[in-house]
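Student: In terms of the working numbering, the sequence shown opens at residue 1 and continues consecutively.
Hints listed in this document are in silico derivations from the structure and should not be mistaken for laboratory results.
Where is the CB? At the ideal position from N, CA and C, for every residue including glycine.
Each hint should be verified, as a subset may be incorrect.
Listed below are the simulated DSS-like cross-link pairs for lysine-lysine, each with C-alpha atoms no more than 30 Å apart in a straight line [to be verified]: (1) 190 / 81; (2) 81 / 149; (3) 81 / 92.
Estimated spans, in silico, between C-beta atoms of each pair [stated by the list, open to error]: (4) 98 / 169: 25 to 35 Å; (5) 93 / 5: 41 to 51 Å; (6) 89 / 153: 27 to 37 Å.
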Amino acid sequence: QGLRDLWRACGRDFDRDVALVPMDPFYEIRFHDGERFTARQDDAAMRAEVARISPEDAAGYQRFLRDSEARYHFGYEDLGKRPMNRLWETLKVIPRFAALRADRSVYGHAAARVRDEHLRFALSFHPLFIGGDPFNVTSMYILVSHLEKAFGVHYAQGGVQAIADAMVRVIETQGGSVVQGAEADEIVIKNGRAAGVRVSHG
């Protein structure tokens, strides 16, 4: 959704510039003991998959999903849209972080909700996507589970490079230019807004 919003702000339609293909299933995790976990957007299919692996974890899984949604609304929808450049703004959100147990790791939070080790892994491996450690990354990152459920998982035809190439075309049609392989020296501010980037070779 964020990319569509960015394109819309430029008067463009993301879906005309990039072909996104919804994935179903999202992915399949294969465990060393032969067990498999298939992730899908469909809620009933996911509940059935959890129940197949560990019926006693069905209620804990539903609780995990509610936790994920709460973190999404706070961490993505709220914090992601407010400036945090003043100490007071940061201090104001600390109680909410505490209530959401941001001190727990992603794995620790999954382990607090489900008992089966396969499910604990399946619900906590997402930080690996960004090079993070599920045993150390804050449980706020479980919001990814809600992102998957709410918006799905998609593949850009041509890969991530297709998105980058389309973004370059949008910038250039707006009169901008993209410089690669240069060090950024300064973000140019005009009328209180970022207007460009000054690079090392001019």
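Student: All hints, please: hold or fail.
Tutor: Structure-based check of each hint:
1. 190 / 81: holds, 22 Å
2. 81 / 149: Measuring from Cα to Cα gives roughly 21 Å; hence the hint holds.
3. 81 / 92: Distance ~15 Å between residue 81 and residue 92 Cα, so the pair holds.
4. 98 / 169: 25 to 35 Å: violated, 45 Å
5. 93 / 5: 41 to 51 Å: violated, 23 Å
6. 89 / 153: 27 to 37 Å: holds, 33 Å
Checked against the numbered hints given earlier, the structure breaks hints 4, 5 and satisfies all the rest.
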